[in-house]
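One line per chain: the protein sequences are A and B, in this order.
If you're matching positions, the first sequence starts at 66 in this note's numbering and goes up one per residue.
If you're matching positions, the second sequence starts at 48 in this note's numbering and goes up one per residue.
Hints are computed from structural coordinates only; laboratory data are not their basis.
Wrong hints could be hidden among the right ones.
What the hints assert, rightly or not - Calculated cross-link-like contacts (lysine-lysine; reagent style BS3-like; alpha-carbon spacing at most 27 Å):
| no. | chain 1 | residue 1 | chain 2 | residue 2 |
| --- | --- | --- | --- | --- |
| 1 | B | LYS224 | B | LYS180 |
| 2 | A | LYS173 | A | LYS67 |
| 3 | A | LYS67 | B | LYS180 |
| 4 | A | LYS173 | B | LYS180 |
| 5 | B | LYS160 | B | LYS224 |
| 6 | B | LYS224 | B | LYS72 |
Said to hold, decoys possible - Take a look, some chain A residues computed to stay more than 10 Å from chain B by CB distance:
| no. | residue |
| --- | --- |
| 7 | PHE88 |
| 8 | THR93 |
| 9 | PRO180 |
| 10 | ALA183 |
| 11 | PRO185 |
| 12 | VAL201 |
| 13 | TRP208 |
| 14 | ALA216 |
| 15 | PHE221 |
| 16 | THR224 |
| 17 | ALA231 |
| 18 | LEU269 |
| 19 | ASN292 |
| 20 | ALA309 |
| 21 | THR311 |
| 22 | TRP312 |
Built from N, CA and C at the ideal position, the CB exists for glycine as well.
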Amino acid sequence: MKMVWIIVRKEWEEVLRSAIVLFTMLFTPLIFVVTGVGSVVATQAAGAEVGNSKDADEILKLTGDLCTGLAPSDCIGAYMATLMLLLFMMLPVLLPTVFASYSVVGEKTSRTLEPLLATPITTAELLVGKIVAAVVPAVGATWLGVGVYYAAIAIFAPTLLGAILAPAWLAAVFVLGPLLAVASVDFAVVISSKVTDPRTAQQLSGVVVLPLVLALVGQSLGLFLVNGTLVGIACLACLLLDVALTWMAVELFDREQILTRWK
Amino acid sequence: MIETRRLSRRFGGLLAVDRLDIEVKRGECLGFLGPNGAGKTTTVRMLCGLLAPSSGGAVVAGFDVVADAQEVRRRVGLLTETPGMYDRLSARRNLSLFAALHGVSDIDARVQKYLEMLDLWDRRDDPVGSFSKGMRQKLAIGRALIHEPPILFLDEPTSGLDPEAARRIRTLIGELKAAGRTLFVCTHNLTEAEQLCDRVALFRSRLLAVDTPPGLRERTYGREVEIRLQGATDAHVALLQALPFAPEVARSGDRLVVRTRDPDTNNPILIQTLVSAGARVQYVTEIQQSLERIYLEILGNPS
Ligand SMILES: Nc1ncnc2c1ncn2[C@@H]1O[C@H](COP(=O)(O)OP(=O)(O)OP(=O)(O)O)[C@@H](O)[C@H]1O
Ligand SMILES: [Mg+2]
């Protein structure tokens, strides 16, 4: 445990000193916030007109219990507000790979891996340290973004706050988010132990975003609605995936290959 | 402290290290010499538990490099071929990180001790990215020493340094040796090997020779004596060659180069013979072959 923490601290000092990483980690959530708040406010304005038309029933049917207790005019806004939260769920997948790839590329170009591997640290400690170091700031940046988003909604569209504060969404942000981040980093590590070039690894690990994109498309097409059950299933699946991938990462992370291949 | 048994490592079809058998005693300094691509770095990596042998094995500091790699890593310090520092971190932080990883108890004091010893204390808070090559190399040595391991592996400690910086590193290595550490030094610098090391191993995938520098000389060339005469002639050569112990004699100008099996007893006879024959001996010296010549000779005819 102590070794893990030593690695985590070193990673933060080293990688977060890179302006590009810091900028990406803070700027991406900011873009999401602006996009999200903009979309919600615009949709709600449009919804005010739709709400009075005869399409209102149609929308109510589509959104299910999302709109219970809401004025029909707010319904479409609430729908958009949750859709944007789904967009935010991409952050914990995307951000840690930025950090992780920098940490790997940095270690590679400065040739620091060999001295590091020559210390008594175990493979698992080194890996878990790197995973934690990448996951924590990514999740932090995500939560920061979501927090700002919540605050903006509270100011600009207070009637919609209830919809995005639903337990299912809180669970998505605070439980599923970190689980997704771990899966994303694990995936990057597993790939990079099989691929010679860490950059390829980063690109391949983008695959983890796919289920999220599907959920986003699904919900916007009205195929399904993200609800408690769905989030619960996703959390469980993700947890299992995390355990499996972490185990695989430690098994596959061959010191020797990394010494001789990451050059 | 280090003992290998038919230690071998294969990379695909390439046999980088072939059945190496070598032993390094406690407090001894072994120079590991060989051309580029000889397998020196590969050997060091195996001995530090970083790379698994394809066959054979080694015991370092009492632990098997495969079965107890972690215990081996606790007890050895490795100066890697490239210094490999975290450029964005300060010199102090680079050392304290490794001190922490080795479980050093009083990290600050230990880091200060080595930064001062290496003359880097004034630059302690500068990012290592701003350091010169020599400073990085010194810091890398500090990193290898930070947990005060009994065994040190130094992979080309002075390569790429200016003569002054190289000399300071050699002095430092000399001090480490005097302090009783076991040293395994890979180098291309023969003078350095001769100055620092008790024994020198010549290696190219296989161990070609291992001995003390004087031992290597004797083994390769025997011991040669140079005798300078005033007006040496072939008659002098013939005179010496006729002696019962049949020395090898060559003449160039006034210089006779004589090689015998047992110079300590034979040399007085040589000189006496010359003097009795009326030769005017100017001086007699034992020829010191340079280690370089021995190196080239042995690597040229590995037999
Ligand atoms: N990871 C690897 N994969 C394939 N071949 C390797 C690997 N590491 C080393 N080799 C090969 O093994 C041989 C020995 O390499 P090594 O680095 O041990 O030599 P060296 O004696 O340290 O050379 P130098 O003096 O140039 O540092 C070389 O032919 C090298 O190409
Ligand atoms: Mg080498």
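Hints and how they fare:
1. B/LYS224 with B/LYS180: Given that 27 Å is the threshold and the Cα spacing comes to 24 Å, the pair holds.
2. A/LYS173 with A/LYS67: With a Cα-Cα distance of about 24 Å, the restraint between A/LYS173 and A/LYS67 holds, given a limit of 27 Å.
3. A/LYS67 with B/LYS180: Measuring from Cα to Cα gives roughly 32 Å; hence the hint is violated.
4. A/LYS173 with B/LYS180: holds, 19 Å
5. B/LYS160 with B/LYS224: holds, 18 Å
6. B/LYS224 with B/LYS72: Holds, at roughly 12 Å.
7. PHE88: Given that every Cβ of chain B is farther than 10 Å from that of A/PHE88, nearest at about 16 Å, it holds.
8. THR93: holds, 22 Å
9. PRO180: Label violated. Min Cβ-Cβ 5 Å, cutoff 10 Å.
10. ALA183: violated, 4 Å
11. PRO185: violated, 5 Å
12. VAL201: holds, 19 Å
13. TRP208: Since the minimum Cβ distance to chain B is about 26 Å, A/TRP208 lies beyond 10 Å and the statement holds.
14. ALA216: Its Cβ never comes within 10 Å of chain B, the nearest being 34 Å, so this holds.
15. PHE221: Holds, since 40 Å exceeds 10 Å.
16. THR224: A/THR224 clear of chain B: closest Cβ-Cβ about 48 Å, beyond 10 Å.
17. ALA231: Non-interface label on A/ALA231 holds, nearest chain B Cβ at 43 Å vs cutoff 10 Å.
18. LEU269: With a cut-off of 10 Å, A/LEU269 remains clear of chain B, as the shortest Cβ separation is near 26 Å.
19. ASN292: holds, 46 Å
20. ALA309: holds, 26 Å
21. THR311: Check passes; 21 Å lies beyond 10 Å.
22. TRP312: holds, 20 Å
The structure fails to meet hints 3, 9, 10 and 11 from the earlier list, while all remaining hints are met.
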